[in-house]
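Residue numbers (the numbering used here), protein chains in the order written: chain Z, 1 to 112; chain R, 1 to 114.
Watch out, some of these pointers could steer you wrong.
Straight-line Cα separation of at most 27 Å, BS3-like style, residue types lysine-lysine; simulated pairs [what the hints assert, rightly or not]:
hint, chain 1, residue 1, chain 2, residue 2
1, R, 57, R, 18
2, Z, 99, Z, 69
3, R, 13, R, 57
4, R, 53, R, 70
5, Z, 69, Z, 58
6, R, 55, R, 13
7, R, 71, R, 55
8, R, 70, R, 55
9, R, 53, Z, 99
10, R, 3, Z, 99
11, R, 57, Z, 99
12, Z, 78, Z, 61
13, R, 70, Z, 99
14, Z, 99, Z, 49
15, Z, 78, Z, 49
16, R, 70, R, 18
17, R, 71, Z, 99
18, R, 70, R, 57
19, R, 3, Z, 58
20, Z, 61, Z, 49
21, R, 3, R, 53
22, Z, 49, R, 57
23, R, 3, Z, 61
24, Z, 58, Z, 109
25, Z, 61, Z, 71
26, R, 53, R, 18
27, R, 55, Z, 99
28, R, 3, R, 71
29, R, 18, R, 55
30, R, 13, Z, 49
Everything labelled a hint here was simulated from the structure, so no lab data went into it.
These numbers were taken from a predicted model, which means no experiment stands behind them.
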Amino acid sequence: AQSVSQHNHHVILSEAASLELGCNYSYGGTVNLFWYVQYPGQHLQLLLKYFSGDPLVKGIKGFEAEFIKSKFSFNLRKPSVQWSDTAEYFCAVISGTYKYIFGTGTRLKVLA
Amino acid sequence: DVKVTQSSRYLVKRTGEKVFLECVQDMDHENMFWYRQDPGLGLRLIYFSYDVKMKEKGDIPEGYSVSREKKERFSLILESASTNQTSMYLCASSLRTGYTDTQYFGPGTRLTVL
Chain Z
1 AQSVSQHNHH VILSEAASLE LGCNYSYGGT VNLFWYVQYP GQHLQLLLKY FSGDPLVKGI
61 KGFEAEFIKS KFSFNLRKPS VQWSDTAEYF CAVISGTYKY IFGTGTRLKV LA
Chain R
1 DVKVTQSSRY LVKRTGEKVF LECVQDMDHE NMFWYRQDPG LGLRLIYFSY DVKMKEKGDI
61 PEGYSVSREK KERFSLILES ASTNQTSMYL CASSLRTGYT DTQYFGPGTR LTVL
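Start from the sequences, fold in the hints, and give me the full structure.
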């Protein structure tokens, strides 16, 4: 069965630290990949997505993600986090169906 | 901007009650989805609908049913609520069938079943 793994469940960083959140998926065919973010008290919203072309995707608020097909990975990065990045981050994949498959999420806490 | 609204932010029900959760989107989206979100489990798809009166089971449909009589409205029904259905329920919509389609989420309904 297809699955998405987010290995870091909780991450705590100080402001200005660099961030990398891991995401791996299990599917050998064509995939489309997403990162969603849920800020405290707010609804889930799209951060960035990859469906073709340049494997380095830039999203909102300075986030980027790199699709590495050989590693089945789509890691999220930000060079310098801010307190306002405190949120829960979800990786998701669509492959061949209507259905998104979401990872279990990573809770990021940024200390001011 | 796409707006997805859900009828309640918080709901408390008793075991055995029939529960209706309503979701409305205002952007003429064809696809609508119901998820439940639980700590450590992420989002799990309950049901989705790609057209009026059409529905497909997701990964965890047991104990739930859905209704889509109008394009903009997608209802989730708990026929006989149980305590293990205490959760956050999220509705989402997307424009059309397509691998690149962004899903737009509502604010969620936190359901507690006592």
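Consistency of the hints with the structure:
Distance hint between residue 57 (chain R) and residue 18 (chain R) is fulfilled; the C-alpha atoms sit about 20 Å from each other, no more than 27 Å. Distance restraint check for residue 99 (chain Z) and residue 69 (chain Z): the Cα-Cα separation of roughly 20 Å lies within the 27 Å cut-off, and the hinted pair is therefore satisfied. Between residue 13 (chain R) and residue 57 (chain R) the alpha-carbon distance is near 24 Å, which keeps this suggested pair within the 27 Å criterion. Between residue 53 (chain R) and residue 70 (chain R), the direct Cα distance comes to roughly 8 Å. Compliance with the 27 Å bound is thereby established for this hinted pair.
At roughly 17 Å between alpha-carbon atoms, residue 69 (chain Z) and residue 58 (chain Z) fall within 27 Å of each other, so this suggested pair holds. Proximity of residue 55 (chain R) to residue 13 (chain R) is assessed by CA-CA distance (about 26 Å); at most 27 Å being required, the pair is judged to hold. A C-alpha spacing of about 12 Å is found between residue 71 (chain R) and residue 55 (chain R), which places the hinted pair at or below 27 Å, so the restraint holds. At most 27 Å may separate the alpha-carbon atoms for a hinted pair to count; residue 70 (chain R) and residue 55 (chain R) meet this at roughly 13 Å.
Restraint check for residue 53 (chain R) and residue 99 (chain Z): the C-alpha separation of about 18 Å stays at or below 27 Å, so the hint holds. For the suggested pair residue 3 (chain R) and residue 99 (chain Z), the alpha carbons sit about 21 Å apart, so the restraint of at most 27 Å is met. Only pairs whose Cα atoms come within 27 Å are accepted, and residue 57 (chain R) paired with residue 99 (chain Z) is accepted, the gap being roughly 10 Å. Restraint check for residue 78 (chain Z) and residue 61 (chain Z): the C-alpha separation of about 9 Å stays at or below 27 Å, so the hint holds.
Distance restraint check for residue 70 (chain R) and residue 99 (chain Z): the Cα-Cα separation of roughly 21 Å lies within the 27 Å cut-off, and the hinted pair is therefore satisfied. This hinted pair checks out: residue 99 (chain Z) and residue 49 (chain Z) have alpha carbons roughly 15 Å apart, not beyond 27 Å. Our distance criterion of 27 Å between C-alpha atoms is met by residue 78 (chain Z) and residue 49 (chain Z), whose separation comes to about 15 Å. About 21 Å separates the Cα atoms of residue 70 (chain R) and residue 18 (chain R), which keeps this hinted pair within 27 Å; it holds.
Annotation: proposed proximity of residue 71 (chain R) to residue 99 (chain Z) holds, straight-line Cα distance about 19 Å (limit 27 Å). This hinted pair checks out: residue 70 (chain R) and residue 57 (chain R) have alpha carbons roughly 19 Å apart, not beyond 27 Å. About 24 Å separates the Cα atoms of residue 3 (chain R) and residue 58 (chain Z), which keeps this hinted pair within 27 Å; it holds. Of the supplied pair hints, the one linking residue 61 (chain Z) and residue 49 (chain Z) holds, its CA atoms being roughly 14 Å apart against a limit of 27 Å.
The hinted pair formed by residue 3 (chain R) and residue 53 (chain R) meets the criterion: a straight-line CA distance of about 21 Å does not exceed 27 Å. Distance restraint check for residue 49 (chain Z) and residue 57 (chain R): the Cα-Cα separation of roughly 25 Å lies within the 27 Å cut-off, and the hinted pair is therefore satisfied. This hinted pair checks out: residue 3 (chain R) and residue 61 (chain Z) have alpha carbons roughly 21 Å apart, not beyond 27 Å. At roughly 22 Å between alpha-carbon atoms, residue 58 (chain Z) and residue 109 (chain Z) fall within 27 Å of each other, so this suggested pair holds.
Proximity of residue 61 (chain Z) to residue 71 (chain Z) is assessed by CA-CA distance (about 26 Å); at most 27 Å being required, the pair is judged to hold. As the CA atoms of residue 53 (chain R) and residue 18 (chain R) are separated by approximately 21 Å, the hinted pair is consistent with the 27 Å bound. For the proposed pair residue 55 (chain R) and residue 99 (chain Z), the alpha carbon gap of about 13 Å is at most 27 Å, so the pair holds. The suggested pairing of residue 3 (chain R) with residue 71 (chain R) holds, with an alpha-carbon distance near 14 Å, which does not exceed 27 Å.
This hinted pair checks out: residue 18 (chain R) and residue 55 (chain R) have alpha carbons roughly 20 Å apart, not beyond 27 Å. As the CA atoms of residue 13 (chain R) and residue 49 (chain Z) are separated by approximately 38 Å, the hinted pair breaks the 27 Å bound.
Hint 30 from the list above is the single one not met by this structure.
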